[in-house]
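4 protein chains.
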Amino acid sequence: MADVVERTPAQRHIYLRTVRFADIDSQGHVNNVRFLDYLEDARFGMFAIDLHKAGEEPFKGLVVTRHEIDYRRPLSFRADPVRVETWVEEIRPVRFTLRYEIRDDEQLYVTAKSVIAAYDVERAAPRRLGEGELTYLKRYSV
Amino acid sequence: MADVVERTPAQRHIYLRTVRFADIDSQGHVNNVRFLDYLEDARFGMFAIDLHKAGEEPFKGLVVTRHEIDYRRPLSFRADPVRVETWVEEIRPVRFTLRYEIRDDEQLYVTAKSVIAAYDVERAAPRRLGEGELTYLKRYSV
Amino acid sequence: MADVVERTPAQRHIYLRTVRFADIDSQGHVNNVRFLDYLEDARFGMFAIDLHKAGEEPFKGLVVTRHEIDYRRPLSFRADPVRVETWVEEIRPVRFTLRYEIRDDEQLYVTAKSVIAAYDVERAAPRRLGEGELTYLKRYSV
Amino acid sequence: MADVVERTPAQRHIYLRTVRFADIDSQGHVNNVRFLDYLEDARFGMFAIDLHKAGEEPFKGLVVTRHEIDYRRPLSFRADPVRVETWVEEIRPVRFTLRYEIRDDEQLYVTAKSVIAAYDVERAAPRRLGEGELTYLKRYSV
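Heads up: the sequence lines are chains A, B, C and D, in that order. Just remember that this note's numbering sits 230 ahead of the position in the first sequence, which is counted from 1. Just remember that this note's numbering sits 230 ahead of the position in the second sequence, which is counted from 1. Just remember that this note's numbering sits 230 ahead of the position in the third sequence, which is counted from 1. Just remember that this note's numbering sits 230 ahead of the position in the fourth sequence, which is counted from 1.
Please keep in mind that the hints were generated in silico from the structure rather than gathered at the bench. Owing to the predicted nature of the structure, the values given are computational and were not obtained by experimental measurement. Take the hints with a grain of salt, since some may be wrong.
Simulated coverage check for chain B against chain C, where a stretch passes if three residues somewhere in it have a Cβ under 8 Å from a Cβ of chain C [unchecked claim]:
1. 266-277
2. 290-302
Keeping only pairs whose Cα atoms sit at most 27 Å apart, straight-line, the calculated BS3-like set for lysine-lysine is [stated by the list, open to error]:
3. B:K368 with B:K343
4. A:K343 with D:K343
5. C:K368 with B:K343
6. A:K368 with A:K343
7. B:K290 with B:K368
8. C:K368 with C:K283
From the three backbone atoms N, C-alpha and C, an ideal C-beta is built for every residue, glycine too.
Please put together the full structure from these sequences, using the hints given.
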């Protein structure tokens, strides 16, 4: 994980996620499926809410084509939110990769990776990423 | 709704809830079931997170015995959170009623009411509300 | 509940619902919000899947305007599904009421009631129920 | 995927999953996170419900340590359930791998892989798989 340590935190998108009662399963920990909600919430923040608030052009359509997720440590109820830190890797004309860490200052709970494809919803077909989209992705890339 | 207008907002518990991508159904609006999550998140804030942050004694066990929920206006994606405003009515020795509004400054989306019973989880039996619990409930009662 | 006992079971829509791991919360019981999913699954069975399988005309748009739900007994993990029994009451030109019991042969876990309005999704406006819709509703009405 | 074709279907665990209204997101397809629920439902069927129905000894505690999931084709509303086919690979003393296909007779929607570790919930520590557990896993292994 040397690459993670060397990257400055400013290049990551930070989403603060409250642990919800509904996240905790009958074992007393955040359920493995619910962590995917944390990643979705962070992506929705990064690709919809943030752009909307900044008055910037939104992305024209994105679909998840793959997730990899490693559960490193159980997360229980806590009053303080955890951070979902997200950054961009491997920007290609039609897709890119997101990497994530769900963590706080002391512990790393989850690491994950998603492949995201640019998609034309109306034509139901792949599309190329636009200039504005590529510029935005580079803000959060290594 | 005259009683609502006359009550000062300071007596309500305010929980800010972001509209999540997962809340929005295939009709493009927050799904009716997902609004119950909004109420649960507000209750978890009010009865767990807030008390934990304040270093106060937590409630000893509560269960929902009834919900009533009225959907007044559809809620779509928005960058700004909505407010879940919660207050307490009809405090009895073994139960109380919560009333809620999910709203922003302009619109009221949902009104709801829950009956909450004090419950002894270990004995799996009803219990009486304690002094500290009753004092806390009164902060948010009319 | 005399009315329930006197109604013949044949007039109710029966939906068998498996208790899912995700339904069970940190108290070890099906969470109160998750039971609303049971009701939604039963409605989706009654108003979409059943009609589709029978090759019948689907409903033209329905929205929930109110839920009332009473939690009568906790439901834990079980290998056998529970039954969501649904029937129709108070058919009006633009809306109707559903009543539900979530139960098995021995126990009643939840009773609930929903007000459902006919809605024209394209015009985003209320609409009147059609002849075919009214006929279908009467199959499950008292 | 040659190995999949050569494996006889009889060695796979088959779980029939209804497409629920709540699974479908604002794009009109089953949401990528919801498919993880399909996998969880299949695992719960395989490791809890089936064993319970057969009167067999249940597993003593399992945790997911990794998921990989590939989205191959969008899945929309349909009246008929899809099949979650699950089989076992790489059985080790303390963990095993599950592979899954979510499919019907014509199409493959999702392929996935999970690493599952044997866990002692009371001691909050890894444990070795027991004889009965290993025997059960072999029923579904290549």
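Here's how the hints hold up against the structure:
1. Coverage of the stretch 266-277 of chain B by chain C holds [criterion: at least 3 residues with CB-CB distance below 8 Å; count 3].
2. With 9 residues having a Cβ less than 8 Å from any Cβ of chain C, the stretch 290-302 of chain B passes the three-residue criterion, so the hint holds.
3. Between the alpha carbons of K368 (chain B) and K343 (chain B) the distance comes to roughly 17 Å, so the proposed pair stays at or under 27 Å and holds.
4. The suggested pairing of K343 (chain A) with K343 (chain D) holds, with an alpha-carbon distance near 15 Å, which does not exceed 27 Å.
5. The hinted pair formed by K368 (chain C) and K343 (chain B) fails the criterion: a straight-line CA distance of about 31 Å is larger than 27 Å.
6. Between the alpha carbons of K368 (chain A) and K343 (chain A) the distance comes to roughly 17 Å, so the proposed pair stays at or under 27 Å and holds.
7. Distance check on the hinted pair: K290 (chain B) and K368 (chain B) sit about 17 Å apart at the alpha-carbon level, within 27 Å; holds.
8. The hinted pair formed by K368 (chain C) and K283 (chain C) meets the criterion: a straight-line CA distance of about 19 Å does not exceed 27 Å.
Against the hints set out earlier in the document, a violation occurs for number 5 only.
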